[in-house]
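Work out the full structure: start from the sequences and follow the hints.
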Amino acid sequence: MKIGGGVLGASVLPFLKVLPASAAGKDVLVAVTGQTINSLDLHRTGTNRASYQVAVNCYDRLVSFGTKEAPGGGLSYDYSVIEPELAESWMISDDGLLLTFKIKSNATFWDGRKVTAADVKWSFDRAVSVGGFPTVQMKAGGFVRPEQFTAVDEETFTVALDRPSKLSLPDLAVPVPFVINSEVAKAHATEADPWAMEYLHKNPAGSGAFKVLKWEAGEQLIYERNDAWVGGPLPAVKRVVLREVPSPATRRALIERGDVQVSFDIPNKDAKELEDKVTVYSTPIENCLYCVGLNTNFEPFRDPDVRKAIAYAIPYQEIFQAAAYERGSPLWGGESSITDTAWPRKSPYYTDMEKAKAHMEKSGYAKGFDVPFSISLGLADWMEPTALLIQESLRKLGITGELEKIPGANWRTAALVEKRLALHLENFGGWLNTPDYYFFWAYQKGHLFNSSNYENPEVEALVNETLHMPMDDPAYAPKIMRLFEIAFEDLPRIPLWQPALNVATNGAEGYESWFHRQLDIRPLKAV
Amino acid sequence: MPSRLKASLMRIAQAIPVVVGVVIISFLLTRALPGDPAVYFAGASADEASIAEVRESLGLDKPLIQQFFLYTGDLLQGNLGNSLSSGQPVLTDLAKRLPASLELTLTALILSCAIAIPLGVLAATRPGSMIDHICRVLVTAGVSLPTFFTGIVLIYVFYYLLGWAPSPLGRLDFIYISPDQVTGFYLIEAALAGDFEPWLGAVKQLILPATTLALFTLAPLARMTRAAMLTALGSDFIRTARAAGLSDGKILYGYAFRNAILPVITTLGMVFSFSLGANVLVEKVFAWPGIGSYAVEALVVSDYAAVQGFVLAMALLFVALNLVIDLAYTLIDPRIGFDAR
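Chains as they are written, first to last, in our numbering: chain B, 15 to 541; chain A, 9 to 349.
Some hints here could point you the wrong way.
[Unchecked claim] What the simulated footprint calls covered on chain A by chain B, stretch by stretch (three residues with Cβ under 8 Å from a Cβ of chain B suffice, anywhere in the stretch; the number is not a length):
| no. | region |
| --- | --- |
| 1 | 90 to 99 |
| 2 | 161 to 167 |
| 3 | 269 to 277 |
| 4 | 300 to 310 |
[What the hints assert, rightly or not] Here are the computed lysine to any residue pairs in the SDA-like style, where the Cα-Cα straight-line distance is at most 25 Å:
| no. | chain 1 | residue 1 | chain 2 | residue 2 |
| --- | --- | --- | --- | --- |
| 5 | B | Lys228 | B | His202 |
| 6 | B | Lys286 | B | Ile106 |
| 7 | B | Lys228 | A | Glu205 |
| 8 | A | Lys212 | B | Val244 |
| 9 | B | Lys216 | A | Leu99 |
| 10 | B | Lys283 | B | Trp346 |
| 11 | B | Lys360 | B | Ser407 |
| 12 | B | Lys283 | A | Pro154 |
| 13 | A | Lys70 | B | Val431 |
| 14 | B | Lys419 | A | Leu41 |
| 15 | B | Lys228 | A | Leu214 |
| 16 | B | Lys225 | B | Trp346 |
| 17 | B | Lys116 | B | Trp104 |
| 18 | B | Lys286 | A | Val165 |
| 19 | B | Lys228 | A | Phe204 |
| 20 | B | Lys216 | A | Leu41 |
| 21 | A | Lys14 | A | Ser34 |
| 22 | B | Lys291 | A | Phe157 |
| 23 | B | Lys283 | B | Phe312 |
| 24 | B | Lys228 | A | Leu83 |
| 25 | B | Lys40 | A | Glu205 |
| 26 | B | Lys153 | A | Ala57 |
| 27 | B | Lys459 | B | Asn424 |
| 28 | B | Lys216 | A | Tyr184 |
| 29 | B | Lys459 | A | Glu205 |
| 30 | B | Lys40 | B | Ser179 |
| 31 | A | Lys70 | B | Lys116 |
| 32 | B | Lys286 | A | Tyr167 |
| 33 | B | Lys291 | A | Leu170 |
| 34 | B | Lys118 | B | Glu161 |
| 35 | B | Lys153 | B | Gly126 |
| 36 | B | Lys40 | B | Val244 |
| 37 | B | Lys153 | B | Asp108 |
| 38 | B | Lys228 | B | Arg531 |
| 39 | B | Lys252 | B | Gly80 |
Hints in this document: simulated from the structure, not taken from any laboratory.
Here a beta-carbon is modelled for each residue, glycine too, at the ideal position from N, C-alpha and C.
As C-alpha cells, this is what we get:
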C-alpha cells in the first residue's frame with residue numbers, strides 16, 4: 015500500500031508503509047554520512063560534532079552569516095556578512111557594550127507560539143549555564159553570565175557585554191546560541207534537570223526550517239520542512255532523509271548510482287576520483303590548518319635551527335598529493351615578507367634539503383637525535399601518510415624514531431590536555447574566522463590547541479590586544495602581521511596545508527559549506 | 009517433562025556465577041582501557057574546568073570501588089546506564105540492535121546450513137569425487153575471503169554493476185518508514201502486519217549481507233558435517249546395519265546422519281555466537297545497525313556503559329544458547345540426558 019504526497023507525519027503513518035518512490039524526486043532528498051548523530055540537543059554533555067547539524071537545521075539563532083562563492087566552486091558561508099535569522103534588526107551601542115535585538119514579529123515556534131525575547135533569554139541562559147563545550151563557545155563571544163541577557167519586552171532582547179569585542183556578534187551566529195521554545199522545555203524540566211536536557215535530547219522544540227520527523231540513533235534522521243519558517247528563504251525540499259552509512263565504499267557506490275543525492279564528508283581520495291562522475295565540492299575549511307607540532311618540552315626542539323631544518327626538510331608537495339589528494343590549499347612556499355592579514359597563509363618554508371642540512375649543521379644537534387612521531391589512529395587517513403613521508407625525509411638529517419599511533423580516544427588527552435607529544439600532527443580550526451582567534455587557541459600559553467607548549471610574551475600581548483579589537487582598527491593589521499612573523503620565525507607549528515571538506519552531490523544543488531563542517535540542508539534543492 | 013525443566017533451571021542457576029564474573033571483569037576491563045571518556049566527550053574546545061564538569065556528571069570522579077557499587081546497584085534495577093556515544097540508554101540500544109544482528113545472523117546461518125549440511129553429506133558419501141572437490145574449494149574460499157571484501161564485491165556486482173540488489177542502506181530502503189519497535193525483527197513484524205511489500209523490502213535488504221555472512225560461516229559447518237559423516241559411515245554400527253541389509257537411505261539418514269549431527273550442532277552454536285559479535289565488518293559495509301559495530305564504536309571512545317552492556321548481553325545470550333544446544337542434544341540423542349551429568 016502506498017501513500018501519496020509525503021505530507022503525512024510518520025506518527026500517523028501506519029506501520030511499515032511505503033512512501034512513493036517518486037517522492038524521491040523534487041520533494042525528498044536522501045543524504046548519506048559516515049558520522050553518527052547522538053543527540054538532538056547540542057548543549058547536552060557528550061553531544062558529538064555530527065549532531066551540531068540538528069542545531070543548524072532545526073533551530074534558529076538571532077543572526078546568521080551571509081553566503082559567498084567558495085574558492086574551488088560551490089557556495090560558502092561568508093564570515094564578513096551578518097544576516098538576520100530570528101532577529102529582524104539589531105543595534106550596537108556607541109561604546110559597543112550593549113547589543114539590542116528586535117525579534118521578527120511573525121516568527122513562531124513549531125507549535126505555533128510566537129517567539130519572544132523571553133525564549134531567547136532562557137536559551138542563552140542555558141548555553142552559558144550548562145557547562146562544557148557550549149559554555150566555552152559562548153565565552154569566546156564574551157557571554158558568561160545569565161545576568162548579561164535581558165528580555166526588555168516581547169520583541170526586544172539585549173545583551174550587555176563586559177567589553178566591546180568584534181567576536182560577540184559573529185559568536186551569536188555559530189550553532190551554539192540557538193533559540194529553544196522555553197515554554198515546552200520548562201514543561202519538561204525537573205528540579206534535577208532545570209534545563210530539560212533529557213527532554214530536548216530526543217525532542218527538539220524550535221522555530222527552525224526543519225522539524226525532526228524521526229530519529230533512529232545509529233541509522234537515520236528524517237527532517238521535515240517547517241512551512242511557517244521565517245528565518246530565511248523557505249527550503250525547496252519538503253523532506254530530507256539522512257542515512258548513516260559507515261563504509262566509505264558503500265557511500266561511494268550509492269552516490270555514483272544516484273540512489274542518494276548527497277554524500278557528506280567523503281574521503282579525499284573519493285573526492286578526487288569521483289570528480290568526473292558526479293558533482294564534488296571541495297571547500298577549504300576557513301581558519302583551519304593541518305600542521306606539524308614541535309613541542310618545546312622536547313629539548314632539541316628548543317633550538318631554532320632544528321625547527322627550521324625540519325621546516326625545510328618536509329616534503330610538502332608529496333604530502334599534499336599522498337595524504338590530501340590535492341584537496342584544500344597548500345600552505346608552503348609563500349612570500350618571505352608579510353604584507354596582509356590573510357589567514358591561513360603560506361609559510362615561507364619549502365622543501366630544500368640543502369638548507370635543511372645547513373640549519374642542522376648550525377644547530378647543537380648536528381648528529382641528529384631520536385624522537386617518536388605521534389599520530390592519532392582516529393585521523394590516520396591523513397596523519398599516517400604525512401608522518402611516514404616526513405619521517406623518511408627527517409632520516410636524512412639524522413632525526414630518527416618510531417611512529418607512535420595513539421588510539422582516537424586517547425589522542426585528545428595526550429596531545430591537547432597533557433601536551434606531552436614531542437613531534438606530532440595537529441588539525442585545529444577556529445569557528446570564528448579571525449587570525450587572532452586562531453592564535454588565541456593555538457599559540458597562547460596553556461590554551462587547548464597549543465599542543466606544542468609554546469610560550470612567547472610578545473605573542474601573549476599581541477593576542478590579548480587584538481582578540482577583541484575591530485579588524486578595521488589601524489593598529490590591528492600591523493599587530494597581526496607581527497604575529498605571523500613570530501609564528502613563522504619560532505615555528506612551534508609548521509603549516510602543511512589547509513584541509514577541504516568534500517561533499518559529493520548527484521541530483522541536488524545549492525550546497526553551501528559552513529565552518530561548523532556539518533550539512534546545512536536548508537539551501538539544498540533537488541534537480 | 010519435569011526432570012528436564014528442573015535440569016534446565018539447574019543449568020540457569022549454574023550460569024549465575026558466570027554472569028557475576030562477567031560483570032566484574034567487564035567493569036574492570038573497560039576501566040583499564042586507554043583513553044579518558046571525560047576528555048573525549050567534553051568536546052572540541054573544552055577547557056579543564058569543563059572537562060572536570062563532564063567527569064563529575066559522568067560520575068568518573070568517584071573512587072573505582074564506589075563506581076562499581078553504583079553500577080551494580082543500577083544493574084540490579086535493570087538499568088544498564090546511558091551510552092555516551094549513541095546518547096541513548098544502553099538497554100534501548102541493545103533492544104534495537106540485538107534483533108537486527110540476530111535477524112541477519114540467523115538468516116545467514118539458515119542459508120549456510122541449507123547449503124553446508126547437504127554439501128557435507130554428499131562430500132562424505134562420495135569422498136574424492138567431483139562434489140567433494142567442489143566442497144573443498146567452496147570451504148577454502150569461504151574462509152579465506154574476509155567478509156568485508158566479499159561484502160564489497162557483492163555490492164559492486166549486484167548493486168553497482170547489475171542493479172539487481174537494492175541500495176545497501178541498512179535494514180530498509182528509505183522509501184519505507186521503519187516500524188515502531190515491537191520485536192525488532194522486521195521480517196516477523198511485517199509478516200504479522202500482513203504487509204507484503206515492506207516484508208519483501210526487508211528481505212531484499214537482507215539478501216546480500218546474509219549471503220556475505222553465509223559464505224563465511226559455510227566453511228566450518230561443511231567441514232564438520234563432512235568429517236562427522238565420514239566417521240559415522242566408517243563406524244561399526246553402520247557396518248552392522250549394512251550387513252543386516254538395511255536400505256541405503258535408512259542407513260544414511262536414520263543412523264549415520266543422526267549421529268553425525270551432534271558435532272555439527274556444537275559447531276553451529278560456536279559459529280552463531282562467534283558471528284554475532286564478529287559480523288561488525290558486514291554491518292559496516294551494509295550500514296546494518298547491528299550490535300557488533302555498536303560495540304566497536306563504543307570501545308573506541310571508551311564508552312563504558314555501552315561496552316559493559318554489550319558484554320553482559322552477550323554473556324546472557326551465550327548462557328541461553330548453550331542451554332538450547334544442550335536441550336537439542338537430548339532431543340537428538342536419547343542416550344544423552346541431563347541426569348547423566
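Hint check:
1. Restraint check on the region 90 to 99 of chain A versus chain B: 5 residues with Cβ-Cβ distances below 8 Å, three needed, restraint holds.
2. Counting residues of the region 161 to 167 of chain A whose beta carbon lies closer than 8 Å to any beta carbon of chain B gives 3, which reaches the threshold of three, so the coverage claim holds.
3. Restraint check on the region 269 to 277 of chain A versus chain B: 0 residues with Cβ-Cβ distances below 8 Å, three needed, restraint violated.
4. With 6 residues having a Cβ less than 8 Å from any Cβ of chain B, the region 300 to 310 of chain A passes the three-residue criterion, so the hint holds.
5. Among the hinted pairs, lysine 228 of chain B with histidine 202 of chain B is consistent with the structure: their alpha-carbon atoms are about 20 Å apart, no more than 25 Å.
6. The suggested pairing of lysine 286 of chain B with isoleucine 106 of chain B is violated, with an alpha-carbon distance near 45 Å, which exceeds 25 Å.
7. With a CA separation close to 21 Å, the supplied pair lysine 228 of chain B and glutamate 205 of chain A stays within the 25 Å bound.
8. Distance restraint check for lysine 212 of chain A and valine 244 of chain B: the Cα-Cα separation of roughly 42 Å exceeds the 25 Å cut-off, and the hinted pair is therefore not satisfied.
9. This hinted pair checks out: lysine 216 of chain B and leucine 99 of chain A have alpha carbons roughly 16 Å apart, not beyond 25 Å.
10. A threshold of 25 Å between alpha carbons decides the hint, and for lysine 283 of chain B with tryptophan 346 of chain B the separation of about 22 Å falls inside it, so the pair holds.
11. A threshold of 25 Å between alpha carbons decides the hint, and for lysine 360 of chain B with serine 407 of chain B the separation of about 21 Å falls inside it, so the pair holds.
12. Restraint check for lysine 283 of chain B and proline 154 of chain A: satisfied, since their Cα atoms lie roughly 23 Å apart, inside the 25 Å limit.
13. The straight-line distance between the Cα atoms of lysine 70 of chain A and valine 431 of chain B is roughly 21 Å, inside the 25 Å bound, and the hint therefore holds.
14. A distance of roughly 15 Å separates the Cα atoms of lysine 419 of chain B and leucine 41 of chain A; the hinted pair therefore holds under the 25 Å criterion.
15. Restraint check: the Cα-Cα separation between lysine 228 of chain B and leucine 214 of chain A comes to about 23 Å, which is no more than 25 Å; the hinted pair holds.
16. For the proposed pair lysine 225 of chain B and tryptophan 346 of chain B, the alpha carbon gap of about 44 Å is over 25 Å, so the pair is violated.
17. Restraint check for lysine 116 of chain B and tryptophan 104 of chain B: the C-alpha separation of about 6 Å stays at or below 25 Å, so the hint holds.
18. Among the hinted pairs, lysine 286 of chain B with valine 165 of chain A is consistent with the structure: their alpha-carbon atoms are about 23 Å apart, no more than 25 Å.
19. This hinted pair checks out: lysine 228 of chain B and phenylalanine 204 of chain A have alpha carbons roughly 23 Å apart, not beyond 25 Å.
20. About 30 Å separates the Cα atoms of lysine 216 of chain B and leucine 41 of chain A, which puts this hinted pair outside 25 Å; it is violated.
21. Using a Cα cut-off of 25 Å, the hinted pair lysine 14 of chain A and serine 34 of chain A is violated, with the two alpha carbons roughly 30 Å apart.
22. Taking the CA atoms of lysine 291 of chain B and phenylalanine 157 of chain A, the gap is about 24 Å. The hint holds against a cut of 25 Å.
23. Distance check on the hinted pair: lysine 283 of chain B and phenylalanine 312 of chain B sit about 35 Å apart at the alpha-carbon level, beyond 25 Å; violated.
24. About 30 Å separates the Cα atoms of lysine 228 of chain B and leucine 83 of chain A, which puts this hinted pair outside 25 Å; it is violated.
25. Simply put, lysine 40 of chain B and glutamate 205 of chain A have alpha-carbon atoms about 24 Å apart, close enough for the 25 Å limit, and the pair holds.
26. For the proposed pair lysine 153 of chain B and alanine 57 of chain A, the alpha carbon gap of about 13 Å is at most 25 Å, so the pair holds.
27. For the hint pairing lysine 459 of chain B with asparagine 424 of chain B, the CA-to-CA distance comes to about 22 Å; that is within 25 Å, so the pair holds.
28. Pair hint lysine 216 of chain B plus tyrosine 184 of chain A holds up; C-alpha atoms about 22 Å apart against a cutoff of 25 Å.
29. Between lysine 459 of chain B and glutamate 205 of chain A, the direct Cα distance comes to roughly 62 Å. Violation of the 25 Å bound is thereby established for this hinted pair.
30. With a C-alpha separation of about 44 Å, the suggested pairing of lysine 40 of chain B with serine 179 of chain B is violated against the 25 Å cut-off.
31. Taken as a hint, the lysine 70 of chain A and lysine 116 of chain B pair is broken in the structure, with Cα atoms around 47 Å apart against an allowance of 25 Å.
32. With a CA separation close to 22 Å, the supplied pair lysine 286 of chain B and tyrosine 167 of chain A stays within the 25 Å bound.
33. Restraint check: the Cα-Cα separation between lysine 291 of chain B and leucine 170 of chain A comes to about 18 Å, which is no more than 25 Å; the hinted pair holds.
34. This hinted pair checks out: lysine 118 of chain B and glutamate 161 of chain B have alpha carbons roughly 23 Å apart, not beyond 25 Å.
35. The straight-line distance between the Cα atoms of lysine 153 of chain B and glycine 126 of chain B is roughly 32 Å, outside the 25 Å bound, and the hint therefore fails.
36. The straight-line distance between the Cα atoms of lysine 40 of chain B and valine 244 of chain B is roughly 22 Å, inside the 25 Å bound, and the hint therefore holds.
37. For the suggested pair lysine 153 of chain B and aspartate 108 of chain B, the alpha carbons sit about 22 Å apart, so the restraint of at most 25 Å is met.
38. Distance restraint check for lysine 228 of chain B and arginine 531 of chain B: the Cα-Cα separation of roughly 23 Å lies within the 25 Å cut-off, and the hinted pair is therefore satisfied.
39. Note on lysine 252 of chain B and glycine 80 of chain B: the hinted pairing holds, with a Cα-Cα distance of about 23 Å set against a maximum of 25 Å.
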